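Novice: Heads up: the sequence lines are chains A and B, in that order. When we follow our numbering, the leftmost residue of the first sequence carries the number 1, and every step to the right adds one. When we follow our numbering, the leftmost residue of the second sequence carries the number 1, and every step to the right adds one.
It should be emphasised that the hints constitute simulated quantities derived from the structure, not laboratory data. Please note that the accuracy of each hint is not assured.
What the hints assert, rightly or not - From the derived model, a few chain A residues whose C-beta atoms are all more than 10 Å from chain B: (1) ASP126; (2) ARG143; (3) TYR165; (4) GLN195; (5) ASP198; (6) SER214; (7) SER268; (8) VAL309; (9) VAL334; (10) VAL404.
What the hints assert, rightly or not - In silico BS3-like links for lysine-lysine, alpha-carbon gap of 30 Å or less: (11) LYS175/A <-> LYS149/A; (12) LYS488/A <-> LYS107/B; (13) LYS491/A <-> LYS124/B.
From a predicted model like this one, the values you see are computed outputs, not experimental measurements. In this text, a Cβ means the ideal position worked out from N, Cα and C, and glycines have one as well.
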Amino acid sequence: MVRSTTGGAGALQPVITVFITCCMLFSGVLFALQAEESPATESPATESSATESSATESSATEVPAVKAVVAEQGAESIVEEQVKDPAALKLEETLKKNSKCLKCHNRDRTKLLEDGKEMSLQVHRDDYLASAHGEVRCTSCHRAIGNRKHPSKSTNITIESEREYSVDMNNSCRKCHMQKYKQYKGSVHSALVAQGSDKAPVCTSCHNAHAPVSMVDYQAETGLPCKNCHENIFNAYSESVHGQARINGNTIRDSHIQAPICSDCHHSHEVTALAIGDVLRTTCIACHENIILLHNQWLPNAGTHLDIVSCAVCHAPFAKRKFDLHLYDNVAQVPLAMKEGDVPIQEQLQAIVEEGVEGDPLEIWKARGGFGQEGQAVDISLRSRMEVMSGVAAHQIASKSFAVRTCESCHEPNWREKQNVTVSITQPDGRKQSFEANRETLSSVKAIESISDFYALGGKPSKLLDIMLLLAVAAGIAIPVGHFTLGKMIKEYIARGNK
Amino acid sequence: MSTNPTEQTRPDVWIKTKDSDLYINPLPVRIWHWLNAMGFVVLIITGTFIRYTDQFQLMSFETAIKTHNWVGFAIIANYFVWLGFYLFSDRITVYHPELNFRKFFDKAFKQMMYYGYGIFRGHKSPHKVLPHDKFNPMQSITYQIVMLLVVPVQFITGLMMWDIKRFEVPIAMVGGLNTVVTVHVVIYIFFVAFTMVHAYMGALGTTPATHFREMFTGYEEEH
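Working from the sequences, and respecting the hints, build out all of it.
Specialist: Pasting the structure below:
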């Protein structure tokens, strides 16, 4: 009995063991599947904070959970199978869902917008699937549209205009491309969009949302996408030493240095207007690191020249030039810019803008009592820079051998008097607003105080000193001649007296 | 020439030795004076060209600037030859200011009368030139102002303009670049007239060449 009992129990044991093992395996699989489902269904937060490689990342987060369950089993071979599956499964599901969308949207469909125009709804299936976004669910970006809430005649989604929709969709990009989005928000492009410009680029102006090109595949030499809006500037660049070097395989400088193209100086997302203050020079020095040394070797007052003469003035030899005056904050050591927040300063600048700089901007500034934040007095002066007239000219950089080398090019009064003089105020978006300045005001004695640093050799701000010089020369001649003549006369008089 | 007084037939003051009363301009003063004279002429010419570059086709602007800078530094160094000599020798008495104003104006008036009239009559200068009392009152006051005020100010403003960026802070402290430039130009204008008049007055010796010769040899000829 004992044997049979034990024998019965012994016969049942493997069965029970197998049963329990099966149960555990089954529950393990169920748990794993549940864990796989969770990111998609559980929290929108998980999805919204996902990065560009959301599919890969979400599967990576599942791994510990799966591992924890399966580790209890001690079945390593099963673990690997479980790790692969969720990603693959998710991708499969994404593609399946996307294919549902693409089934219709692959065709040429349009939507009538509120502004009366039609917007294409077509997404080319092959392009989309082959793109960097090919594994992203359509509804990840188009959140207003889902399986159960696809717009129909009864549940129509109203869109004001294609532009408004594009601006709105920037937020979808932000969810995965947060870093780039932040850079974009600091750009002149974003500032223009915020000001209501209908031409300034949004994400999709440069990147095709349904066929985005990976960074490594960008053909920068084509000038695209910048060229779409800045064609004149790109053409000028193409002819320049930089453009030619880029096209001809960087033969000008060391072969390992790639000649710059748009984004190298302006950045691709935090696009800046380089004309502001010191940015341009800093940008040039970033590659031409020894220019301070090289200019010091021959150029008198090299430091000042590099500070107040924009690189292009000499290195774009055929460009038209101008003297550009701007208000300068001597305390912060930056050009005064219109920006949000500092209300008193903004009111001052606005006044200057409104008065059109007929007179002396600094006088206008003083007359209104310029004060900074919290009532602090600001030390503002008017400074001048030599700039090229246009953005196109700024890109016509020629080879070094063509650069302006003769001082007379600038230090010659006749030449200088023909140059334009503008007064610029930096706008909140970083661009400069320039006004034609009144030349007579600049050359008056009164202006010496306000533009105490507006001086270049060869320029004569006042005729008074010229008259003084003439008088000095006259005195230098008259005194000897007069004295000599007086002596002669006295001697003759005495001689006559003696007779 | 012998230095032994017992061998002399003429009074001591006529003997051309470095101890005699005739030795008015010691070597450092002569070196300083003629280097300074050449430097000032070059600085005035290049300075004029820099300021009125469109009026003359004398040299390139770059040459003018570079010459002006180099000569400027040479003249500053030369100034210390003058300053060093007078600080470390008893000849500094030639610049001692006349603190008795009545006496000063009296002598100055006499000196002016001499230049305006007496000189044409062949009178002797009311001021007797001696190694330790070289200058007449008019020279004394002019040279003190020139050497201790005008010339240093010209050096300082010139130095500031040589490297505007390096001297940004001092330039701002004195009222900006335009002020510095204006001061430099006004002094330049003064020196244009000064150099011309100075050269003419140098020719008012017994013969026109007398004072020039004296400034080369160091010895007074009109005792």
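Novice: Which numbered conditions among the earlier hints are violated in the structure presented, ordered from lowest to highest?
Specialist: The structure conflicts with no hint, since it agrees with every one listed earlier.
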